[in-house]
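Here is what each chain is made of, one letter per residue.
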Amino acid sequence: MNRYPLWKYLVIGVALLIGFVYTLPNLFPEVPAVQVSTSKATVKIDNALLAQVEAALAAAKVPYRGAALDATGVKVRLPDTDTQIKARDTLQAALGENYIVALNLLSASPQWLSAIGALPMYLGLDLRGGVHFLLQVDMKAALDKAADRYTTDIRSLLREKKTQYSGVGREGNNVVVRFRDDAERNRARAEIDKAFPDLALREADAAGGELRLIAALKPEAQKRIQDGAIQQNITILRNRVNELGVAEPIIQQQGADRVVVQLPGVQDTARAKDILGRTASLEIRMVNEEAGALEQALAGQVPFGSDLFTERGGAPVLVRRQVVLTGDRINDAQPGFDQRTNEAAVHVNLDGTGARIFKEVTRENVGKRMAIVLVEKGKAEVITAPVIREEIGGGRVQISGRMTTREANDVALLMRAGALAAPMEIVEERTVGPSLGKENIDKGFASVTYGFIVLSLFICGYYMLMGLISTIALSVNLLLLVSILSMLQATLTLPGIAAIALTLGMAIDANVLINERIREELRWGATPHAAIQAGYERAWGTILDSNVTTLIAGVALFIFGSGPVRGFAVVHCLGIMTSMFSAVFVSRGMVNLIYGGRKKLEKISIGQIWRPDATTPPGTPAAGR
Amino acid sequence: MEFFRFKRDIPFMRYALVFNVISGVTFVLAVFFLATRGLNLGVDFRGGTVIEVTYAHPVDFNRLRGAIDKLALGEYSAQSFGASDTALIRLPLKEGVSSAKLSEQVMTTLKADDPSATQQRVEFVGPQVGRELFENGALALLLVSAGIVGYLAMRFEWRFAVAAIIANLHDIVIILGFFALFQWEFSLPVLAAILAVLGYSVNESVVVADRIRENFRKMRKASVTHVIDNAITSTMSRTIITHGSTQLMVTSMLLFGGETLHYFALALTIGILFGIYSSVLVMAPLVMWMGVSREDLVKPEKKAGLEGEKIVP
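Line order of the protein sequences matches chains V and D. Per my numbering, the first sequence runs over residues 1 to 625. Per my numbering, the second sequence runs over residues 1001 to 1313.
Because the hints were derived from the structure by calculation, they are not lab data. Treat the hints with caution; some may be incorrect.
Below are the DSS-like pairs computed for lysine-lysine, each with C-alpha atoms no more than 27 Å apart in a straight line [to be verified]:
(1) D:Lys1007 / V:Lys438
(2) D:Lys1221 / V:Lys273
(3) V:Lys273 / D:Lys1070
(4) V:Lys273 / D:Lys1007
(5) D:Lys1094 / V:Lys140
(6) V:Lys273 / D:Lys1111
(7) V:Lys140 / D:Lys1101
(8) D:Lys1007 / V:Lys603
Given the sequences, and given the hints that come with them, work out the whole structure.
Set out below in structure tokens:
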């Protein structure tokens, strides 16, 4: 009766093997490493880069312990931290600005382990040190901007369509158009409706008999604008974070209007805040096309009043210093297609003042080139330098010509990057120094180790061989828990380590329940085999019930918890599930293996069984059994 | 070796009133401290900035305060944290001041005053986030309670569910009472500990309830009081061993876990100690008084599989 079919042993064996393999990477120490990645879509990370990295390191005679290419970039392991810094400087100099070279720590586990996805547990910021920011996006500002944009758009549309109106203005987030004549209003309404499907229109007349048309953003359009704003902010943050040279940054949306930025290993929070909060600026300037001026500039004599920049393609451009228009006049830039030629294009939308300036400038400069310059970190780069084909009024500009769809996307993004879609504010910050992180790991590890040792000694002493089995089952639980955490790459935080300790302390409950039941059955005079059987079966219902309630608490913590507490919840829930497997299934397997084969089992090693009185019926005198 | 050798059932239910009066008094005291002293909410819930600074030597608090005073930040507190070379500075939220910049200001000042000052940790929580964390914590507590009541009502009977949740929420209030009385800092990890305790000590009630149900089936002629007494007595050994084991781990955290895990482990310790008591000795009398009977639990159509009556010796 106490035997397992072979497949059950196989299940246990396979689980242990998988558990062991995925736990393995955690046992290797971490070695200093340098990681090469890129933030630019056009730059490829491939074997050529790997070869380039290896060549650069060999040329500079930097000793390294192997370089590997993976999805995120090239990673080079190095013998010590001094060489690490030397390697970073060497590589940054050799590879240039297109690549991000960051310091990192990598597990020294063998290649085949990483190849099957066996990685060490992903440590949270409180364990590895770093910065966590929670940024709140000001959505009201995003909607304000949208309302501004529509005010301009409606005004230019009505002019274009030669509609008679007496004024266009903003009231709150609504655009209000005033008319003198009802027929004109109806005509305008039809036009606006056709041109801007995102606006909900209604007629509302002011007290003085003034005819008014009120345009408000439809709720779904509002949502789209807000989503767009947060997406755009995330993209911009990502570009900026890349500059910090962080190995594994996390930039994620949280909720409707928040962004989480986690920068492991970053210590200089002041600089991080500075870079995250910085606004790049966009400038539109005219290209200096005087004959010979460019050649002269390339020779080293930049004409007075001009700057020599490079275009994104690499071509030099000589640009006049006078700024025609700044980026804050740009309401929006979206990639799209030229309606006539079907070429990829970028549609830019300027605000009222911008539109007026742009109209004048384009009228005077038809046939000439204008440069769109992105100034970031004090360095300027020409995004594109298109030729002005005609006078452009109305504030709606299209940039097209010799662009791929991808380039159009990039240019649109960069033009928008002039400013964040909506301002952001830091609403939460958590910074942990590297030494504190190390200390937290040590303390957490010590808690688990010492607790586990004392607990094992106690259980083994109290339940003898059955106690040893329980302890082994508990170790299996730890092994499985660590391997699952490694497999899922769930973030391990200090509360997470606490959860490991706590879960182990709670998981032993299942084995105590089983062992107590077996003793009780033996006390009542059951044969050892029957006692084992009954002990496991009866305890199972109780174990299930109690684990479900614990799981409910864990899930609630996971749903409502944030940051470190969520880490606690994840480990707690996983630990409960692995404990059910190990405490019941695995320990039963061991018991069956040891006792199951013996036909005449006289005694189980479960410690002394005390009987109140061997002659009276089992249980208690008045138990009425 | 066996610790618990009960020759006969301990007549727990005879003293039911005593147990409930004891826990009633503890509960009232806890509420009293909560009401008069209030919880010492940490930066997670109240918002504000916390800076942990270490020095190469024991902290000279007069000098440190003198340096911070120069910034004229208003109210703040600075105290030693864990070791004598570590100081914890707490700055409350201030309207209109960009708190994100605050920690930098303080660190710059401290570094200028004493170059050995090293920033170990900064936590800043804005007012809105703090409020949300608080609300989410309350919601989590509510969800856990509802989930447990629902599950127990489904699995056993509503009386058990109600009794168990009363017993265990009363534990929570007592933990909170301790935190209020000693003005220990109530932070996110403490909240996690409290919810874990809630899930955990319900186990206790589950084990006893399981046994009560089983006894109702087996002890056909016994009175309700007797059934409960027997259930508690026969699970006593398991209860103590299990809690002892968990407490071993928690004690290890208390000893080796450092400052960050200190209050977490403390909350667990109180929870475990009171959990044993209340989930057994408060829950069972409540069930009894609510008038549980054999018919409520032993229904003919009830699945008997879990109890495995075929193997009754």
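- Message: Between the alpha carbons of Lys273 of chain V and Lys1007 of chain D, is the straight-line distance 27 Å or under?
- Response: violated (69 Å)
- Is the straight-line distance between the alpha-carbon of Lys273 of chain V and that of Lys1111 of chain D 27 Å or less? holds (19 Å)
- Are the Cα positions of Lys273 of chain V and Lys1070 of chain D separated by 27 Å at most? holds (24 Å)
- Message: Hinted pair, alpha-carbon criterion (27 Å max): Lys140 of chain V, Lys1101 of chain D. Please report holds or violated.
- Response: holds (24 Å)
- Query: Taking only the CA atoms, is the gap from Lys1007 of chain D to Lys438 of chain V under or equal to 27 Å?
  - Reply: violated (53 Å)
- Given the proposed pairing of Lys1007 of chain D with Lys603 of chain V, does the C-alpha separation stay at or below 27 Å? holds (23 Å)
- Sort out whether Lys140 of chain V lies within 27 Å of Lys1094 of chain D, counting only the CA atoms. Status holds; Cα separation ~23 Å.
- Message: Against the 27 Å threshold, does the CA-CA distance of Lys1221 of chain D and Lys273 of chain V hold or violate the hint?
- Response: violated (74 Å)
Of the numbered hints given earlier, the model fails hints 1, 2 and 4; all others are met.
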